[in-house]
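**Student:** From first to last, the protein sequence lines are chains V and Y. If you're matching positions, the first sequence starts at 1 in our numbering and goes up one per residue. If you're matching positions, the second sequence starts at 1 in our numbering and goes up one per residue.
Derived from the structure by calculation, the hints contain no laboratory data. Just so it is clear, CB atoms sit at the ideal spot from N, CA and C, and this is done for glycine as well. Errors might be hidden in some of the hints.
[Stated by the list, open to error] Facing chain Y, according to a computed beta carbon distance under 8 Å, are these residues of chain V, among others:
#1 Arg21
#2 Phe24
#3 Leu40
#4 Ala50
#5 Lys63
#6 Leu67
#7 Arg91
#8 Arg125
#9 Val129
#10 Arg130
#11 Thr167
#12 Lys169
#13 Arg176
#14 Val179
#15 Met185
[Stated by the list, open to error] Residues from chain V that face chain Y, not an exhaustive set, calculated with beta carbons under 7 Å:
#16 Val28
#17 Arg46
#18 Trp61
#19 Ala126
[What the hints assert, rightly or not] Computed Cβ-Cβ distance ranges for the label pairs, DEER-style:
#20 Glu219(Y) / Glu22(V): 47 to 57 Å
#21 Cys33(Y) / Arg90(V): 25 to 35 Å
#22 Glu18(V) / Gly183(Y): 30 to 40 Å
#23 Ala207(Y) / Arg65(V): 30 to 40 Å
#24 Ala3(Y) / Pro187(V): 26 to 36 Å
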Amino acid sequence: MANSPIADDAALVARAREGDREAFTELVMHYQVPLYNMALRMVGSRDDAADIAQEAFLRAWEKLRTLKGNPFKPWIFQIAVNLCYDHFRRRKRVAAMPEEGQEAHVVSLGLPVPDPAERAEAGERARIVRDSINGLDPDLRTALILRDVNGLAYEEIAAVIRAPLGTVKSRIARARGHVQERLLMFPELFARPVDDQEQQHER
Amino acid sequence: MNAEPELEDLSAYLDQELTGTARQQLEAHLQTCETCRRRLAALRQTVSAVQALPTEAPPRVFTIPPQRQQRTGAPGWAWAGGALAAACLLVVVTTIGLANLPHGGGMATTNAPASRYQGGADRGPTMTVTDPQDLSKQLTISSGSTAFSADQGTTTGSQAAAPLAASKNQPLQVGLILQGVPGDGVPANLTDAHVRLTLLRDGYEVALANPDTFSAARENGAVRITATFRVGSPPLPSPAAGNYVLRVTWQVPDGSGVSLVAQVPVTVAN
Numbered sequence: 001m002a003n004s005p006i007a008d009d010a011a012l013v014a015r016a017r018e019g020d021r022e023a024f025t026e027l028v029m030h031y032q033v034p035l036y037n038m039a040l041r042m043v044g045s046r047d048d049a050a051d052i053a054q055e056a057f058l059r060a061w062e063k064l065r066t067l068k069g070n071p072f073k074p075w076i077f078q079i080a081v082n083l084c085y086d087h088f089r090r091r092k093r094v095a096a097m098p099e100e101g102q103e104a105h106v107v108s109l110g111l112p113v114p115d116p117a118e119r120a121e122a123g124e125r126a127r128i129v130r131d132s133i134n135g136l137d138p139d140l141r142t143a144l145i146l147r148d149v150n151g152l153a154y155e156e157i158a159a160v161i162r163a164p165l166g167t168v169k170s171r172i173a174r175a176r177g178h179v180q181e182r183l184l185m186f187p188e189l190f191a192r193p194v195d196d197q198e199q200q201h202e203r
Numbered sequence: 001m002n003a004e005p006e007l008e009d010l011s012a013y014l015d016q017e018l019t020g021t022a023r024q025q026l027e028a029h030l031q032t033c034e035t036c037r038r039r040l041a042a043l044r045q046t047v048s049a050v051q052a053l054p055t056e057a058p059p060r061v062f063t064i065p066p067q068r069q070q071r072t073g074a075p076g077w078a079w080a081g082g083a084l085a086a087a088c089l090l091v092v093v094t095t096i097g098l099a100n101l102p103h104g105g106g107m108a109t110t111n112a113p114a115s116r117y118q119g120g121a122d123r124g125p126t127m128t129v130t131d132p133q134d135l136s137k138q139l140t141i142s143s144g145s146t147a148f149s150a151d152q153g154t155t156t157g158s159q160a161a162a163p164l165a166a167s168k169n170q171p172l173q174v175g176l177i178l179q180g181v182p183g184d185g186v187p188a189n190l191t192d193a194h195v196r197l198t199l200l201r202d203g204y205e206v207a208l209a210n211p212d213t214f215s216a217a218r219e220n221g222a223v224r225i226t227a228t229f230r231v232g233s234p235p236l237p238s239p240a241a242g243n244y245v246l247r248v249t250w251q252v253p254d255g256s257g258v259s260l261v262a263q264v265p266v267t268v269a270n
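Please put together the full structure from these sequences, using the hints given.
**Tutor:** Okay, structure coming up:
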């Protein structure tokens, strides 16, 4: 959101390609939280997600000279997504291992939830959402996470997964459709909205 | 013209990725079709539910060990190409600063596994770096005990408190250990200790120069410093809440010109 991250990235990449580790550290700082959270939502385990993020940065550093003039962001996400797929293959099954009930160093900018009962309910909602994501086919899961967890634009996602925009659009929509079906099985936690009238887009 | 829109179009519309005629047609359709308004609302709710998943701070600091070199163009070759002695020296110094070497000098992904975050909130993440040229020089940073109850303002999505979060009414505690400081003096402030503390995020770097409290003591040849900062006071980028890296740079006061750099993740909550 700050000043032109792409231009900043390009300058840092240029310096890092000359062997400037400090410049690369800046890139790591910039991308560590989004990359880690992408991996976490993909594979479900904090340790594995941290390993994936670490390995992604290592590979990026080592292969930085192959990046040429391309943007760093989709490239680093692509490396990490590929590592997630490697992880799935190693596990021989495409299922995340959610670390339910474990405390985490959680960061949130959301509103305070003062009431323990509400907090428990929020925790339950999060668990169901995580389960719904974990139930997705990995291609759909990737598209959904890149969009709704990481906030990447469709074009960026297309670059990450090396697919046409139409595929991105379709995967995101299908993933959301599947998740929605799952959430609607818990009407007490995810009330069905009456209409979109009042929250409607730009009216 | 108003055929029932596909799920894809509704979804892309929510993302502002539907443009031109397609967007206009969809909007026109929504004006007249309650069913599709409901579909859109349900989809919007689903997206919100996914977006509401809490962002988690990484359990460790990700680093590049000095022995890992860039490929293609062969690292050794670029340097051996000669003539770049000064550049080499620069790289070495940078490496010392940023290698984040753990004690043994192996893989440097120190130092705070997830478990450290769990349970009590007495310890924050810790990182120690050693000057590879002089192993007696060591710098440790920890973000100290900033037990921060969820009741005080972080939403966690789970029942976990966010132990490392600092909020405006909860000062950020920083603990430093400077090992191998010559003499027996005790620094009176951060500058005196040749230490610079910064908070980094998204390319912003905010200096933490004026602690609310500062204490220093000598212990077994090391200088131990504890400082607290009110996070509200430095001009953090807006919104202030979020993930930062707390970085300490210590210019080792032995005339070597070496600086050690260590860093830990820190969360600022609303």
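**Student:** Given Val129(V) as an interface hint, is its Cβ closer than 8 Å to any Cβ of chain Y?
**Tutor:** holds, 5 Å
**Student:** Less than 7 Å between beta-carbons is the criterion; does Val28(V) satisfy it with respect to chain Y?
**Tutor:** Because about 5 Å separates Val28(V) from the closest Cβ in chain Y, which is inside the 7 Å limit, the hint holds.
**Student:** Is the hint on Thr167(V) kept, meaning its closest Cβ partner in chain Y is under 8 Å away?
**Tutor:** Given a least distance of 11 Å, the restraint on Thr167(V) is violated.
**Student:** Hint check: is the beta carbon of Ala126(V) less than 7 Å from a beta carbon of chain Y?
**Tutor:** holds, 4 Å
**Student:** Given the hint of 26 to 36 Å, check if Ala3(Y) and Pro187(V) actually sit that far apart at their C-beta atoms.
**Tutor:** Once the Cβ atoms are compared, 30 Å apart, the range 26 to 36 Å for Pro187(V) and Ala3(Y) holds.
**Student:** Cβ-Cβ distance between Glu219(Y) and Glu22(V): within 47 to 57 Å?
**Tutor:** violated, 31 Å
**Student:** Going by Cβ atoms only, is Leu40(V) closer than 8 Å to chain Y?
**Tutor:** holds, 6 Å
**Student:** Under 7 Å, Cβ to Cβ, is where Arg46(V) needs to be relative to chain Y, so tell me if that hint holds or is violated.
**Tutor:** holds, 5 Å
**Student:** Val179(V) was flagged as interface toward chain Y. Is the shortest Cβ-Cβ separation under 8 Å?
**Tutor:** It holds, given that the least Cβ distance between Val179(V) and chain Y is near 5 Å, below 8 Å.
**Student:** Holds or violated: is the Cβ of Arg125(V) closer than 8 Å to a Cβ in chain Y?
**Tutor:** With a closest approach of 7 Å, the Arg125(V) hint holds.
**Student:** The hint says 25 to 35 Å between Cys33(Y) and Arg90(V); measuring C-beta to C-beta, is that right?
**Tutor:** With Cβ atoms ~47 Å apart, the hint is violated.
**Student:** Identify whether the interface hint at Met185(V) stands, where standing means a beta carbon of chain Y within less than 8 Å of its own.
**Tutor:** violated, 13 Å
The structure shown violates the earlier hints numbered 6, 7, 11, 15, 20, 21.
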